[in-house]
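Asker: Please build the complete structure, drawing on both the sequences and the hints.
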Amino acid sequence: MTEIHMPRLSDTMEEGVLAGWRKQVGDQVQRGEIVAEIETDKALMELEAYDDGVLEKVLVGEGETVPIGTPIALLGDGSGATAEATAPAPAAAEKPEPEPAPAVDAATDSAATPAVNGPEENGSVGTKPKASPLAKAIAREHGLELAAIAGTGPGGRIIRADIDAELAKEPQPEPQSRPQPAVEASASAPSPVADEDVEEIPLSKIRKVTAKRLTESKQQAPHFYLTSAIDVTELIEFRGNLNERLQAADGPKVSVNDLVVKACATALRANPSVNVSFAGDKLLQHKRIHLGVAVALDDGLVVPVIPDADRKSVSEIATEGREKAGRAREGKLKLDEMNGSTFSVSNLGMFGIEEFSAVINPPEAAILAVGATREEIQHRDGEFVVRKIMRVTLSADHRAVDGAVGAVFLQQLTGLLEDPIRIIA
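Taking this note's numbering, the leading residue of the sequence shown gets 6, the next gets one more, and so forth.
Just so you know, the hints here were simulated from the structure itself, not pulled from any lab data. Treat the hints with care, as some may be off.
[Stated by the list, open to error] Heads up, simulated BS3-like pairs for lysine-lysine below, C-alpha to C-alpha not over 27 Å straight-line:
#	residue 1	residue 2
1	LYS258	LYS393
2	LYS213	LYS223
3	LYS174	LYS217
4	LYS223	LYS28
5	LYS337	LYS258
6	LYS339	LYS317
7	LYS337	LYS213
8	LYS217	LYS287
What you are looking at is a predicted structure, and each value in this text was computed from that prediction instead of being measured.
Answerer: If you want it as structure tokens, here you go:
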């Protein structure tokens, strides 16, 4: 018998949703074949089989959420013995039925209980609940009684996620700010009407992680912001000419954002002090430049990474960025394609947003927010002229980047975008 477990598919993953089975009970499974799709906290990912066998039993249904490490299916030799051997659960439910013979029942129960591997963990009187060593340690540290915690691990075992969930409950009554919404709600609107008019939408895994990471970033990283108004008149014209040549050579079209990404990578190479991460008692200076490009999805925000963006041409960045953004929207981006960025670019210009400040994507030390291009009247050489102006805002972590360092970076970025031939030089 071989168990297939819920795998850990990301560094922040603690549980996964079984989005769908690719194999059905009775199907032959070859090692390396895709047996299921797992929704992690970042993306929808495929689960490969590590062994050959026949899928004899499915333990977790589609749409169910289970902690990592939980058995989700069983592989066997096709005889069905595996499924039969792992069907003791109904026996546990049968225990209460034999009422008339107390002496015999006691003996029967005592023999059946350990074999079933279930009843003792869920509150049988006088027995210690099952818990992982880590869960025990954390519970001991916080003075939690394991007997009062419901385990969601295999066989009702208490795991770290259960402890974390219990700890998450505790602070709720402590913050004085929590009771305020109740008071405001009762004062502003009758709750029955509000309930009828509000639809609860469960958070997706991606949105949960987005909320958690960006909240931590905003709370822990002291942000400061630098904004520049960049004259991109030459950049727009340059992009037009470049696309004509690329299309004539069957190349990809290049967007303004592709040029911004390449310019950022070039400016980071000249200003490595921005290409850093704050790590407690030290700074991590990244020797390679990996650009994250934020992509908004219906259920959250993901940041595909273009590795070594400073070493790639603008057309390569355009092709790779477009391809990864497409797969991100389909939930098919791989984990390693979303990790490791050292700087990010977020562009809302296509929505007409002229200027905004982005939250730093940890563990990066800075992110550039790009706004829409607008025609503005400028005074040049004694004349009023119409120029195309784009505003960008650098959000930087003041623990890792000083204001002057950020200003120099933004100055060089501005120089590149206003003299775009230097971007590809």
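Asker: If a hint holds in the structure, say so; if it does not, say that too.
Answerer: The hints, checked one at a time:
1. LYS258 with LYS393: Roughly 21 Å separates the two Cα atoms, so the pair holds.
2. LYS213 with LYS223: holds (15 Å)
3. LYS174 with LYS217: holds (16 Å)
4. LYS223 with LYS28: Judged against 27 Å, a Cα distance of about 43 Å means the pair is violated.
5. LYS337 with LYS258: holds (23 Å)
6. LYS339 with LYS317: It holds: about 21 Å lies between the C-alpha atoms, which stays within 27 Å.
7. LYS337 with LYS213: holds (18 Å)
8. LYS217 with LYS287: holds (24 Å)
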